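Peer 1: Protein sequence lines, in the order shown, are assigned to chains A and B.
What the first sequence shows, in our numbering, is residues 1 to 249, in sequence order.
What the second sequence shows, in our numbering, is residues 250 to 498, in sequence order.
By construction, these hints were calculated from the structure, which means they are not laboratory data.
These numbers come from a predicted model, not from an experiment.
Note that the Cβ used here is the ideal one computed from N, Cα and C, for glycine as well.
Wrong hints could be hidden among the right ones.
Unchecked claim - Just the calculated beta-carbon pair ranges, DEER-fashion: (1) A/P48 - B/R265: 30 to 40 Å; (2) B/D379 - A/D167: 28 to 38 Å; (3) A/R200 - B/P347: 38 to 48 Å; (4) A/L7 - B/Q367: 34 to 44 Å.
Spelled out from the first residue to the last, the chains are:
Number of protein chains: 2
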Amino acid sequence: MAQLLDLNSIRSVLVRLEDTIIFSLIERAQFSCNARTYQPCAFSNELPGWQGSWLDWILLGTEEFQAKARRYQSPDEYPFSNPSDLPDPVLPPLEYEPVLHEPAVTNVNDKIMQFYTQEIVPSITKPGDDLNYGSTATRDVETLQAVSRRVHYGMFVSESKYRADVDTFNTAIKANDVKTLESLITKPQVEAALLKRLERKARHYGQDESQGGSMHDMKVDPEVVVRMYKDHVIPLTKVVEVEYLLKRI
Amino acid sequence: MAQLLDLNSIRSVLVRLEDTIIFSLIERAQFSCNARTYQPCAFSNELPGWQGSWLDWILLGTEEFQAKARRYQSPDEYPFSNPSDLPDPVLPPLEYEPVLHEPAVTNVNDKIMQFYTQEIVPSITKPGDDLNYGSTATRDVETLQAVSRRVHYGMFVSESKYRADVDTFNTAIKANDVKTLESLITKPQVEAALLKRLERKARHYGQDESQGGSMHDMKVDPEVVVRMYKDHVIPLTKVVEVEYLLKRI
């Protein structure tokens, strides 16, 4: 528990997730936009009775299986599918010491799904349809899960900051003072450093090393990665952090 | 079809898979060795009646689901599980023009599983057990599938080389002359360039860019990646290439 709430340890998880997210985006960018993947009922011939999109179907199948492997027992993992549709784990629960204050669940995966499919996918892929629906959705699931973990990790950040200054936070929470809570958890210097680091990483990992590191054929546009964090990941993390705090006492 | 058998196009798939394989190894290296994951029957309490390892169980669940999404209809995808244990796709088959000569199936996934679990995992991970069995096996599946695709792509390489010089190959095939076939498909200069490129990529992607690119904390040892290709991936690809050719006429 001590380790989970240590800010340095939290930071190293978040920094490591940046790599995972960039790697996943690079993998996704190999395939075309494949918009059909994201349209509800577009596969109703192949999946009779299924009202969601092809991606929703792949997500449910993946999460059903991962739920059996205990994924959603972990306090930093939230499913995209309806939790009541998921089976129980086959592994006995790990003994997690309760770290977060209950009820901790603030699931913003629907918002992640929205910006990812509507804005990020069209920005990193070639337009059109290459029929690789299986590969496409597999890469989407990996990216969505990594982004989801990144955003929901905000609850650990909140808890850690809360414990470091209980009185100040309690005052703001009791007054339902969202503005103050936001300013208490916002560190502009940390955010600026994050965006700089992210740009450097995306540029680094996205280079085509096959040619000895040419800058021409970037596998994913570093600007899109930075914008995704700036416009979505960081603001959504703050939503999670504030909502968590408001329910904290 | 023309594109699938164009050597430049094949080469770009193989070069791209190098990135995927290195990324997957980096992701796997975050977790401990977790040897229990690979031991048959080690999870017999949690999975009553299951004789395989935890990884085998995760592989079967993943492949069952991916089979529904048409993965194993693709001529370059081979399952690790017994194909007769896998369900039919829910998507109609893509109209692949037959590219490979039938019977093309030379599945060496058991050999890939062996070197990966016995040699690669212990070389890239911390020793011991961190209980992250779900995450571990998920990363293993990604790596194994990428390596499998890389190795089995050898059949396309063979077919392409065969078509470029039918008479020479036919003579060697008819004489069951494995030595000559091996020398016909071996390009020492290409292999040397591949290993050099691989080392550069592993060094590049494995740098800890969080610190601005320090060379100290490599996320995966470039030597292990190079050795994996030199001792296993390249020789196994040749096995696949030669076996494919021997069945070609």
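Peer 1: With reference to the structure, classify each hint as holding or not holding.
Peer 2: Hint check results:
A hinted range of 30 to 40 Å for the beta carbons of A/P48 and B/R265 is consistent with their spacing of about 36 Å. The hint said 28 to 38 Å for the Cβ distance between B/D379 and A/D167, and at roughly 36 Å that hint holds. Roughly 47 Å separates the CB atoms of A/R200 and B/P347, a value that falls within the hinted 38 to 48 Å. Checked against the hint of 34 to 44 Å, the C-beta distance between A/L7 and B/Q367 comes to roughly 39 Å, which is consistent with it.
Hint compliance for this structure: every hint is met.
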